[in-house]
Structures are given as structure tokens and as C-alpha cells.
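Student: Sequence:
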Amino acid sequence: HIRPTERVHGIFTKSGEKPNIVPREAEMDWYVRSDTIETLQPLKQRVAACLEAGAKAADCRVEMMWDTHAYADIVDNVPLLDAYAANSTSIGRPLTSAYLPGTGGGSTDMGNVSYLTPSIHPMLAVAPRGVSLHSPQFADYTKSKEADKAVLDGAKIMAMTVIDLWTRAELQHAVRESFGNGEVPAGVL
Numbered sequence: 560h561i562r563p564t565e566r567v568h569g570i571f572t573k574s575g576e577k578p579n580i581v582p583r584e585a586e587m588d589w590y591v592r593s594d595t596i597e598t599l600q601p602l603k604q605r606v607a608a609c610l611e612a613g614a615k616a617a618d619c620r621v622e623m624m625w626d627t628h629a630y631a632d633i634v635d636n637v638p639l640l641d642a643y644a645a646n647s648t649s650i651g652r653p654l655t656s657a658y659l660p661g662t663g664g665g666s667t668d669m670g671n672v673s674y675l676t677p678s679i680h681p682m683l684a685v686a687p688r689g690v691s692l693h694s695p696q697f698a699d700y701t702k703s704k705e706a707d708k709a710v711l712d713g714a715k716i717m718a719m720t721v722i723d724l725w726t727r728a729e730l731q732h733a734v735r736e737s738f739g740n741g742e743v744p745a746g747v748l
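Residues 560 to 748, numbered by my numbering, are exactly what the sequence shown covers, in order.
Derived by calculation from the structure, the hints in this document are not laboratory data. All C-beta atoms, glycine included, are put in the ideal place defined by N, C-alpha and C. Any given hint might turn out to be false.
Unchecked claim - What follows is a list of derived Cβ distance ranges for each label pair:
#, residue 1, residue 2, range
1, Ile580, Pro653, 57 to 63 angstroms
2, Leu610, Ile580, 18 to 24 angstroms
3, Pro653, Trp725, 20 to 26 angstroms
4, Arg727, Ile650, 14 to 20 angstroms
5, Thr648, Pro687, 18 to 24 angstroms
6, Thr564, Thr627, 21 to 27 angstroms
7, Glu611, Lys704, 51 to 57 angstroms
8, Phe697, Thr627, 26 to 32 angstroms
9, Tyr590, Glu611, 14 to 20 angstroms
Please put together the full structure from these sequences, using the hints given.
Tutor: What follows is the structure in C-alpha cells.
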């Protein structure tokens, strides 16, 4: 079993041409994701063990090549996100719990960046709840006037937040304090 915050996706990229002929060689591409960089390594080890066991059971050989840099979890800087949320609310776009710290996911190098410098990764809705980000339906919503407004609102909110950070010494201090000592876990760089 894997935790609900972990994902393992795989496809065959090369597997022969006929279903009744065992190919000499098969290739697969797998994504292994976890909610934190610390829990990714043990998950990768378990997935590797499963692939090795499958190869052994089929009397095959397996070779694995892992990306050298994993996508780290996003560490939102809470004071900076609070400033962003206040600005978002002030223009009529309050953040929902789906966009608060620890609720992000997916595959982005923004997580790696967030270990190096104070960061936030808020999202603005351009489609109704329940519409999958990686779907034709979502793509259709991105072409709408509502999506255009969301992009403009997002730019405005971000600009307001940058101005707050530039002009409010107490926010600068809180952001620095929240960021801590800037330790970077193994696998982030």
C-alpha cells in the first residue's frame, strides 16, 4: 500500500508490436511522487523493489534510471501567503482551503525553489471545482473571459503583495523568520 498523498504512474513506451509475441525488450516510463521530498525516497525504493521482483518473476533483467533531481514539495511561506490572501480577499477572490499551505501537489520545480527562497504558490480558479487540470474540459475553460479575468486578478494580487513586501518592514521580518535557516534536504538540488 502507499499513502493517499503518494502517486505511482506508469506507461509502456516500447513493448513490441503483437500481443502474442514476447518482445526482446520493453521500456516503461514511471512517475513516482510523494507529498514531501523526505517521503519520496522510501517510496522510490519500494517501487524499485516491485519492478525488480516483477522482472525476476518473469526471468527478465531490469534497468532503472532515475531523474537526478526530484520535484520537492512546495513550502509556502505563511506570512507571505497571508499577505497574498488578504490582497486576494480585498479584490473579491478569497482563497479557499484548497489553496492553503500543504494542499498543493503535482509536479513542479516551484517546490525546489521554495527551499531556497521564501515562496508562495497560490492558484486562482479558472474552471469550476471538479474539473481536472489535465483535461480537454479544463483547456476549454482556459479560453474563457473568466479565465482571462483570473489571470489579470492574479497579476494584480501578486503585484499588491510585492508592494506590501517592499513597504512593510514587519512583513519582511516575518517572511525571513518563517523561512528559517534555509536548510535544503537531500534531493532538492
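Student: If you check each hint against the structure, which ones fail?
Tutor: Violated hints: none at all, because every hint is consistent with the structure.
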